[in-house]
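There are 2 protein chains.
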Amino acid sequence: MRSKITLKELAKLLNVSVSTVSKSLNDSSEISPKTIQRVKELAKLHNYKPNPMAVNLKHKRTGNIAVIVPNISNPFFAKVLAGVETEVRSLGFQVITYISNESLQLEQQITELLSNGMVDGLLISVSEETQRTGDYEHLHRLKEYEIPVVLFDRINVDIELDKVGVNDMRSIYNAVSFLYSKNIKKIGLVCAIGEIGLGKQRIEGYLSACKDLNLEMKDNYVVVSEDYAVLKKDLKELLRQEDIEAIIGLDYISTLLASRVVQESNLKIPYDIKIIGYANAEYTEYYWPSISYIDQHPMKMGATATNLLVERIKGVGEKTYEKILETELVHFDSTEF
Amino acid sequence: MRSKITLKELAKLLNVSVSTVSKSLNDSSEISPKTIQRVKELAKLHNYKPNPMAVNLKHKRTGNIAVIVPNISNPFFAKVLAGVETEVRSLGFQVITYISNESLQLEQQITELLSNGMVDGLLISVSEETQRTGDYEHLHRLKEYEIPVVLFDRINVDIELDKVGVNDMRSIYNAVSFLYSKNIKKIGLVCAIGEIGLGKQRIEGYLSACKDLNLEMKDNYVVVSEDYAVLKKDLKELLRQEDIEAIIGLDYISTLLASRVVQESNLKIPYDIKIIGYANAEYTEYYWPSISYIDQHPMKMGATATNLLVERIKGVGEKTYEKILETELVHFDSTEF
DNA sequence: TTCTTTAATTTTAACGTTTACTCTAATTTG
DNA sequence: CAAATTAGAGTAAACGTTAAAATTAAAGAA
Numbered sequence: 001m002r003s004k005i006t007l008k009e010l011a012k013l014l015n016v017s018v019s020t021v022s023k024s025l026n027d028s029s030e031i032s033p034k035t036i037q038r039v040k041e042l043a044k045l046h047n048y049k050p051n052p053m054a055v056n057l058k059h060k061r062t063g064n065i066a067v068i069v070p071n072i073s074n075p076f077f078a079k080v081l082a083g084v085e086t087e088v089r090s091l092g093f094q095v096i097t098y099i100s101n102e103s104l105q106l107e108q109q110i111t112e113l114l115s116n117g118m119v120d121g122l123l124i125s126v127s128e129e130t131q132r133t134g135d136y137e138h139l140h141r142l143k144e145y146e147i148p149v150v151l152f153d154r155i156n157v158d159i160e161l162d163k164v165g166v167n168d169m170r171s172i173y174n175a176v177s178f179l180y181s182k183n184i185k186k187i188g189l190v191c192a193i194g195e196i197g198l199g200k201q202r203i204e205g206y207l208s209a210c211k212d213l214n215l216e217m218k219d220n221y222v223v224v225s226e227d228y229a230v231l232k233k234d235l236k237e238l239l240r241q242e243d244i245e246a247i248i249g250l251d252y253i254s255t256l257l258a259s260r261v262v263q264e265s266n267l268k269i270p271y272d273i274k275i276i277g278y279a280n281a282e283y284t285e286y287y288w289p290s291i292s293y294i295d296q297h298p299m300k301m302g303a304t305a306t307n308l309l310v311e312r313i314k315g316v317g318e319k320t321y322e323k324i325l326e327t328e329l330v331h332f333d334s335t336e337f
Numbered sequence: 001m002r003s004k005i006t007l008k009e010l011a012k013l014l015n016v017s018v019s020t021v022s023k024s025l026n027d028s029s030e031i032s033p034k035t036i037q038r039v040k041e042l043a044k045l046h047n048y049k050p051n052p053m054a055v056n057l058k059h060k061r062t063g064n065i066a067v068i069v070p071n072i073s074n075p076f077f078a079k080v081l082a083g084v085e086t087e088v089r090s091l092g093f094q095v096i097t098y099i100s101n102e103s104l105q106l107e108q109q110i111t112e113l114l115s116n117g118m119v120d121g122l123l124i125s126v127s128e129e130t131q132r133t134g135d136y137e138h139l140h141r142l143k144e145y146e147i148p149v150v151l152f153d154r155i156n157v158d159i160e161l162d163k164v165g166v167n168d169m170r171s172i173y174n175a176v177s178f179l180y181s182k183n184i185k186k187i188g189l190v191c192a193i194g195e196i197g198l199g200k201q202r203i204e205g206y207l208s209a210c211k212d213l214n215l216e217m218k219d220n221y222v223v224v225s226e227d228y229a230v231l232k233k234d235l236k237e238l239l240r241q242e243d244i245e246a247i248i249g250l251d252y253i254s255t256l257l258a259s260r261v262v263q264e265s266n267l268k269i270p271y272d273i274k275i276i277g278y279a280n281a282e283y284t285e286y287y288w289p290s291i292s293y294i295d296q297h298p299m300k301m302g303a304t305a306t307n308l309l310v311e312r313i314k315g316v317g318e319k320t321y322e323k324i325l326e327t328e329l330v331h332f333d334s335t336e337f
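Here the protein sequences come in this chain order: R and G. For the first sequence, full-length UniProt numbering assigns the number 1 to the initial residue and increments by one for each residue that follows. For the second sequence, full-length UniProt numbering assigns the number 1 to the initial residue and increments by one for each residue that follows.
Calculated directly from the structure, the hints in this document are not laboratory data. Everything numeric in this text was worked out from a predicted model, so none of it was measured. For every residue, glycine included, the Cβ atom is placed at its ideal position computed from N, Cα and C. Please note that the accuracy of each hint is not assured.
Among the chain G residues that face chain R by a calculated CB cut under 7 Å, a handful are [stated by the list, open to error]: (1) I5; (2) L7; (3) K49; (4) M53; (5) K58; (6) L91; (7) G92; (8) I99; (9) E102; (10) W288.
The calculated lysine-lysine pairs, modelled on DSS-like cross-linking and capped at a C-alpha distance of 25 Å, are [as the list claims (entries may be wrong)]: (11) R:K268 with G:K34; (12) G:K34 with G:K8; (13) G:K23 with R:K60; (14) R:K4 with G:K143.
Build out the structure end to end from the sequences listed, making use of the hints.
Quick look at the structure:
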């Protein structure tokens, strides 16, 4: 009904020029206080809202920030997105969400779309395929178009861009150390994300902890595969052969799988075996037994990445910047002693 | 570097007018084939992309579709969003994502934002609080601004808007019938979402199935609370007192909780007791034991809602429309016989 | 040949803002 | 009291497009 009124219409009603109205609403000192008031009153009466398209065209910006997540069903990314959304909104921008489905091609398509200047900046966690092939051409291209890019979470990538993530080596090192402090020494590893940098980092962190702490560590302690069936079989075999005292899952599916295989093998958590996973409260807390996990503070990661990006959009600083957040081991049933 | 070139600059390079360039790129019949070709070649050479702000301003649209989800950590909504994203992108729009956090106030704030004409339409699953208070004023207001709104999932709402969801009564009725067909007759219910319409619908569906099939049903068979601790206690008590043969969880947390309490009560799934939940593959498949669930096809729901909204944006039809999708009972360990 | 049609392009206005610049009248200054 | 400043407004250009209307030149018809 009382559909959007424009500056021009307000101007006509007030018998002043369009620019007087515009200036009044922007509290310009060029306009007399009484005129300002008169304008503002009518504007409020008619519920005037500036047309964002027009304002943004004039200001050569969009007010939009794109986020590309590889997989939104992973609650980690869902929570990062939640963090981004809250922060972005509080900064007066909007989030345009894209899901790459772990596909390089889709990622390229999306960045191609973005290159028309639809957004002021991009937050991205690169897809598995992208990391595997090491093809970051599309991200470089965005830089050429002067669209700032901030990487989050999957930041183990050889490219000059701002990054926000955690120290994956340290996070698992700490987990191993914790177990060691409780006299647990035979620790297995399950991993379905060996293809991406951050999986490799975690494995490396595990290996280096084992070495430093002088833990027993045979080849089959590290179970890595993209194929869940293989993962399950190998893990089952490991449990049969060795007296594993704890398992660390490097991703949420591995973690759930580990819990499942352990129980199918008639081992009791946490009495026979401890479990620690990279996972989220949603997946661990209501579980039985509930699983201790390494919290990477996804909401905070989202908020941090957003702030960094907005700084860039505003043109602050030049050198790329890498922000590392602390992780935290959250205890549930599976690490009870 | 080779930052965005405009029509004006192309025109100057080609020694023609801006409108010739514009028309050429839009394949206007007013322009000669050779000019069109000449223009297109240079445009491609300079990687010309029309400025979306300018185009949209001219066309009085935005190309944006807003989605408000109550909680993105719930993989159901995450998947709806994925469905929306894919469909929206294929239709040439962008998704602007908002998370209401189950808060009416936030929902109002967001719709207020949207009323400046930032988006062409809105997809929303209303928050718990909104349903509890029954305050839909903000949605009405959007209609006044001629912004089409489509409700999804939580559609048990007394308001004249397009809706896409499932038949909640029937979905649970079918689940109860299935159990009955397997000679299971003492069926309990756990529910943490009794406050929202769809929870009530499911409870009603359960009750009506029990009645029709002449199942035993005492008051304490239906365990409802927003408080997980209470839920847990009551359920434990129920299991102690009665020989429950199956439990249906009306939301994913209740479902996980049920599985947990059952196992803590030393009952074996599925031998002693079956479980069916409203949940998602992510939460059930890798679980031990894996849990059978009622699939509400979230991706499809997202895609369907998107299509309906885009029809509205294009101005097709007037009467509001309610689209009901079929649900499906997916079997895992917890309903093995 | 003159008139009419058609083809191809340019001019202009418009979308809704912002803002640099200009204008006028009132006020201040020397 | 004339000159200079300033307050308060208006004009117009600009952001990058699209498209209706106008112009021009060439082709076709009488």
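Evaluated hints:
1. Using the Cβ-Cβ criterion of 7 Å, the hint placing G:I5 at the interface with chain R is not satisfied: the shortest such distance is roughly 11 Å.
2. Given the 7 Å rule on beta carbons, the hint for G:L7 is violated: about 13 Å separates it from the nearest Cβ of chain R.
3. Proximity of G:K49 to chain R holds as hinted, the smallest CB-CB distance being about 4 Å (cut-off 7 Å).
4. Given the 7 Å rule on beta carbons, the hint for G:M53 holds: about 4 Å separates it from the nearest Cβ of chain R.
5. With a cut of 7 Å, the hint placing G:K58 at the interface with chain R is violated, because the nearest CB-to-CB distance is about 9 Å.
6. A hinted interface residue such as G:L91 counts as satisfied when its beta carbon comes closer than 7 Å to some beta carbon of chain R; here the least separation is about 13 Å, so the hint is violated.
7. A cut of 7 Å between beta carbons decides the hint on G:G92: the least distance to chain R is about 10 Å, and the hint is violated.
8. The closest approach between the C-beta of G:I99 and any C-beta of chain R is roughly 5 Å, which is under the 7 Å cut-off, so the hint is satisfied.
9. Given hint, G:E102 at the interface with chain R, is violated; its Cβ is 12 Å from that chain's nearest Cβ, farther than 7 Å.
10. Hint status for G:W288: holds, given a least beta-carbon distance of 4 Å to chain R, under 7 Å.
11. Straight-line distance between C-alpha atoms of R:K268 and G:K34 comes to about 78 Å, which puts the hinted pair past the 25 Å bound.
12. Distance hint between G:K34 and G:K8 is fulfilled; the C-alpha atoms sit about 20 Å from each other, no more than 25 Å.
13. Among the hinted pairs, G:K23 with R:K60 is consistent with the structure: their alpha-carbon atoms are about 24 Å apart, no more than 25 Å.
14. Among the hinted pairs, R:K4 with G:K143 is consistent with the structure: their alpha-carbon atoms are about 12 Å apart, no more than 25 Å.
In terms of the numbered hints stated before, the structure departs from hints 1, 2, 5, 6, 7, 9, 11, listed from lowest to highest.
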